[in-house]
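If you're matching them up, the sequences are chains A and B in order.
First residue of the first sequence: 0, per numbering that gives the first Met the number 0; consecutive thereafter.
First residue of the second sequence: 0, per numbering that gives the first Met the number 0; consecutive thereafter.
Heads up, a few of these hints could be off.
Chain A regions said to be covered by chain B (calculated; three or more residues, Cβ under 8 angstroms) [stated by the list, open to error]:
no. : region
1   : 51–60
2   : 92–106
3   : 155–162
4   : 372–385
Partial list, derived from the structure: chain B residues whose beta carbon lies under 7 angstroms from chain A [unchecked claim]:
no. : residue
5   : Glu42
6   : Ile43
7   : Ser51
8   : Gln64
Partial chain A-side listing against chain B, Cβ under 8 angstroms, derived [to be verified]:
no. : residue
9   : Gly165
10  : His167
11  : Thr227
12  : Pro390
13  : Lys393
14  : Leu395
15  : Leu397
16  : Lys398
17  : Arg415
Because the hints were derived from the structure by calculation, they are not lab data.
As the structure is a prediction and not an experimental result, all values here were calculated from the model.
Don't be surprised by glycine CBs; every beta carbon is placed ideally from N, CA and C.
Residue-level listing of the chains:
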Amino acid sequence: MLLRVGPEVRNKIKTFFRINVFFEHGKRHSTSRVTYPQGKIKKMKRRIYGLETEFGIIWTPDAPRRKTLTVQNVVMYLFREIVAGRMYPDVFLENGARFYQDIGCHPEYATPECDDVTELVAHDKAGERIITRLASTAERRMRNDGFYGKISIFKNNLDTPGNTYGCHENYLMERHVDFRQLASQLIPFFVTRQVFAGAGKIKPSHRGYYAISQRAEHIREEISIGTTTARGIINTRDEPHADREKYRRLHVIVGDSNMSEFSTFLKVGTTGIVLRMIEDNFIEQRFALRNPVKAIRDISDDITCTHPIELQNGKRLTGVELQWQYLECAKRYLEQAESDPPTNQVMARWEYVLTCLESDPMQLDRELDWVIKWKWLQTYLTKRELEWDAPQVKHLDLKYHNVRQAESLYYTLENRSETERIVTNEQIRRAEQSPPERTRAKFRGKFIKKVNEGKVLCGVNWSYIQLYEPYQILYLSTDPFKPEFDEASRTIYSI
Amino acid sequence: MSTEKQQEQVNHPVDETEEIELNVESSEMDEEFVEDLDSLLDEIDEILEEDSQEFVENYIQRGGQ
Chain A
0 MLLRVGPEVR
10 NKIKTFFRIN
20 VFFEHGKRHS
30 TSRVTYPQGK
40 IKKMKRRIYG
50 LETEFGIIWT
60 PDAPRRKTLT
70 VQNVVMYLFR
80 EIVAGRMYPD
90 VFLENGARFY
100 QDIGCHPEYA
110 TPECDDVTEL
120 VAHDKAGERI
130 ITRLASTAER
140 RMRNDGFYGK
150 ISIFKNNLDT
160 PGNTYGCHEN
170 YLMERHVDFR
180 QLASQLIPFF
190 VTRQVFAGAG
200 KIKPSHRGYY
210 AISQRAEHIR
220 EEISIGTTTA
230 RGIINTRDEP
240 HADREKYRRL
250 HVIVGDSNMS
260 EFSTFLKVGT
270 TGIVLRMIED
280 NFIEQRFALR
290 NPVKAIRDIS
300 DDITCTHPIE
310 LQNGKRLTGV
320 ELQWQYLECA
330 KRYLEQAESD
340 PPTNQVMARW
350 EYVLTCLESD
360 PMQLDRELDW
370 VIKWKWLQTY
380 LTKRELEWDA
390 PQVKHLDLKY
400 HNVRQAESLY
410 YTLENRSETE
420 RIVTNEQIRR
430 AEQSPPERTR
440 AKFRGKFIKK
450 VNEGKVLCGV
460 NWSYIQLYEP
470 YQILYLSTDP
480 FKPEFDEASR
490 TIYSI
Chain B
0 MSTEKQQEQV
10 NHPVDETEEI
20 ELNVESSEMD
30 EEFVEDLDSL
40 LDEIDEILEE
50 DSQEFVENYI
60 QRGGQ
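All chains, please: the whole structure from these sequences, using the hints.
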């Protein structure tokens, strides 16, 4: 299957196809605007997006010395550079992000508030780069203390015995939406979204070698508040870090961590569009599934993406067909609502991906994590005459997710232009240093810079900044869309 | 046989040229592709330098969220 055509030819075909999809969508959209000027639906609103990633971490001593360290100790070394003098490993950074130690000793990076999906992808990647640099510094400090070895950091969701850790998505939503309705319209979407958002995993050979999603098997409820045991397709945690009267926070724990920028972009972008339709009460069709918890596993277990799942009304649809239903609904929605270029980009890529998934998912071997990884594991094991359950192949599965580029299968592929990009390295570099321009993260970032220069003593959280001696002032932000708190800015700049 | 061949050539000169060109292009591309693939697989061997069995067995985390 792999050696059919050279990479240039494949790329040409794909580029050609993709341009056509974009064009067709643009055309349809511009025609529809003329036909339906502003119906019942308001123009596109901004949304706050955020991603939290829990990283897996392990330290491997160099063979001859064999001094060992616990994960807790390794994490302490990792944080030492940025938490100087503070009691807890929990800090906000100059780019507005939060970096802290989460449950189970996982270092966690939470992006600053972004109002654009491409910007979010850059900030998500910035987190990988930041933790990578911290790991290099930590290794140097450890060597000084007599611990010789290497830190590996994985952006995945599973360890070898099957413990899981998450990648949580956050969407700021309008408060008025009825939660039951929200849940019922989102569950089928989240169950099937993995066909393009899954990160892929090797599973025991008697169960078919490979699955689409890392998290699917750890989802046990339809709706729950739990994040560590009874994880739900819908999580009910609702801390908006904003005006509660106006906003709720949708905290999504069902998805995988993605290495592929394309997968992250599509995962968050499509979810944003579906939420918009729910907020505007646009989704009329009901796709209620007979058994969502079983369905999410069944879809994950089927890399051909052809096995149907059962709906409550007795109909049977594949995951891809159900995604088509949401896409078609979104097209109808955008015939009545005002769109914008970022939304059009999501729509075009969504359609492209579903078209490919329908004919042969393996065509998406530059775009989707689970397909990229499957392709290269398959190629490697064929060429090196290994079986799927060989330790080298399991090792390579892990290495796909290593964020340290020299140790990473994903980055080996990216550096050889074998993956589709959404952002440039320059955009990622900027995101490491600077906060988003249009959200309150901008102010927080500037503020942290002052703190790091030693000019103020303060406490910081997502929605407040507290100045200590000699000010004793608390600044609250209930509007994350506002990049400045006027009064606070004056105080800072006068120092 | 030879007459038949000649006749074909006369009848479809354009088709045959196209076919030859295509063949040359695709074999060059295949060669290049195989070379690329080999060097990529070598690079993958390098990132798997340590003992795979041991590394995979040791990779144990506490559960997170």
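So, going through the hints one by one against the coordinates:
1. Taking a C-beta to C-beta cut-off of 8 angstroms, the region 51–60 of chain A contributes 5 residues in contact with chain B, enough for the three needed, and the coverage statement holds.
2. Counting residues of the region 92–106 of chain A whose beta carbon lies closer than 8 angstroms to any beta carbon of chain B gives 5, which reaches the threshold of three, so the coverage claim holds.
3. Against chain B, the region 155–162 of chain A contributes 4 residues with a C-beta closer than 8 angstroms to a partner C-beta. That satisfies the three-residue criterion, and the hint holds.
4. Using a Cβ-Cβ cut-off of 8 angstroms, 5 residues of the region 372–385 of chain A lie near chain B, which meets the minimum of three, so the contact claim holds.
5. Hint on Glu42(B) holds. Least Cβ distance to chain A is approximately 6 angstroms, under the 7 angstroms limit.
6. Annotation: Ile43(B) was flagged as interfacial toward chain A, and the flag holds, the nearest CB pair being 6 angstroms apart, inside 7 angstroms.
7. The closest approach between the C-beta of Ser51(B) and any C-beta of chain A is roughly 4 angstroms, which is under the 7 angstroms cut-off, so the hint is satisfied.
8. The beta carbon of Gln64(B) is positioned within 7 angstroms of a beta carbon in chain A (closest approach about 4 angstroms), and the interface hint is therefore held.
9. Proximity of Gly165(A) to chain B holds as hinted, the smallest CB-CB distance being about 5 angstroms (cut-off 8 angstroms).
10. Interface restraint check: His167(A) against chain B, minimum CB-CB distance 7 angstroms, threshold 8 angstroms, status holds.
11. The beta carbon of Thr227(A) is positioned within 8 angstroms of a beta carbon in chain B (closest approach about 6 angstroms), and the interface hint is therefore held.
12. For Pro390(A), the interface hint holds, since its Cβ comes within 8 angstroms of a Cβ in chain B; the closest pair sits about 4 angstroms apart.
13. The restraint placing Lys393(A) at the interface with chain B holds, with a minimum CB-CB distance near 5 angstroms, inside the 8 angstroms limit.
14. For Leu395(A), the interface hint holds, the least distance from its beta-carbon to any beta-carbon of chain B being 6 angstroms, beneath 8 angstroms.
15. Satisfaction of the interface hint for Leu397(A) is found here, the shortest Cβ-Cβ separation to chain B being roughly 6 angstroms, below the 8 angstroms cut-off.
16. The criterion of a C-beta within 8 angstroms of any C-beta in chain B is met by Lys398(A), whose closest approach is roughly 6 angstroms, and the hint holds.
17. The criterion of a C-beta within 8 angstroms of any C-beta in chain B is met by Arg415(A), whose closest approach is roughly 6 angstroms, and the hint holds.
The structure is consistent with each of the numbered hints, conforming to all of them.
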